[in-house]
Amino acid sequence: MYSTGHLDEAEEVFRFIDEKYPSSYKIEAARFRLQLIQFKHRENELVKLLKISHEEYLRAVEEFIQREKAYEQALSEYQKRLAVVLSEDLQEELDRLTARVKEQQITISELEEQNRLLRNQAGDTAPVGETSASRISPTDTDVIRELLDMKAEALELKEFYLGLIERSGQ
Numbered sequence: 001m002y003s004t005g006h007l008d009e010a011e012e013v014f015r016f017i018d019e020k021y022p023s024s025y026k027i028e029a030a031r032f033r034l035q036l037i038q039f040k041h042r043e044n045e046l047v048k049l050l051k052i053s054h055e056e057y058l059r060a061v062e063e064f065i066q067r068e069k070a071y072e073q074a075l076s077e078y079q080k081r082l083a084v085v086l087s088e089d090l091q092e093e094l095d096r097l098t099a100r101v102k103e104q105q106i107t108i109s110e111l112e113e114q115n116r117l118l119r120n121q122a123g124d125t126a127p128v129g130e131t132s133a134s135r136i137s138p139t140d141t142d143v144i145r146e147l148l149d150m151k152a153e154a155l156e157l158k159e160f161y162l163g164l165i166e167r168s169g170q
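Just so you know, the sequence shown maps onto residues 1 to 170 in my numbering.
Because the hints were derived from the structure by calculation, they are not lab data.
Keep in mind that a hint or two might mislead.
Claimed, not checked - Estimated spans, in silico, between C-beta atoms of each pair: (1) D95 <-> D142: 54 to 64 Å; (2) E9 <-> A74: 52 to 62 Å; (3) N44 <-> Q79: 48 to 58 Å; (4) L36 <-> E72: 19 to 29 Å; (5) K48 <-> Q79: 40 to 50 Å; (6) V61 <-> A99: 36 to 46 Å; (7) E12 <-> I65: 24 to 34 Å.
Just so it is clear, the structure is predicted and the values come from calculations on it, not from any experiment.
Note that beta-carbon positions come from the ideal geometry of N, C-alpha and C, so glycine has one too.
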């Protein structure tokens, strides 16, 4: 019976031999077979537990994969929404800066026109980019240098007299 897999029936027979014939020469073989049957029962229980845990593991892995896909889809959707929001913000900033550039260009045009009108009024008809300083002759620079020297001397005299007035008023 043991060899055919009928473990419960074989266990009953070997227990019967162990209980009824404790002094038999086959008692050792019967006890050995009882131990083997008990090990076989434990092995079967462990195999069942292993199958259950493996099935649970497979379910957990499958659930994990499904959740991971859902998270990836959600992340992708959030990234798309963020890109849309950022592009709208960037577009608004771009529009604002474009408007500011246009305003600055208008201001520059107005100032260039005012500059041209002032030059015409002053009789200075030099082309744009050429200043009156670039048209100064070497003799004019000598005159300018003398005038600057005179200005420096006048400032020194002013400081001297202010110091005298201040000391005399004390």
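The hints, checked one at a time:
1. A beta carbon spacing of about 56 Å between D95 and D142 agrees with the range 54 to 64 Å that was offered as a hint.
2. Restraint check, E9 to A74: a C-beta distance of roughly 59 Å satisfies the suggested window 52 to 62 Å.
3. The hint said 48 to 58 Å for the Cβ distance between N44 and Q79, and at roughly 52 Å that hint holds.
4. Between L36 and E72 the Cβ separation comes to about 52 Å, which falls outside the hinted range of 19 to 29 Å.
5. The hint said 40 to 50 Å for the Cβ distance between K48 and Q79, and at roughly 46 Å that hint holds.
6. For V61 and A99, the Cβ-Cβ distance of about 57 Å falls outside the hinted range of 36 to 46 Å, so the restraint is violated.
7. In this structure the hint that E12 and I65 lie 24 to 34 Å apart at CB is violated, the actual value being about 48 Å.
The structure fails hints 4, 6, 7 (numbered hints given earlier, in ascending order).
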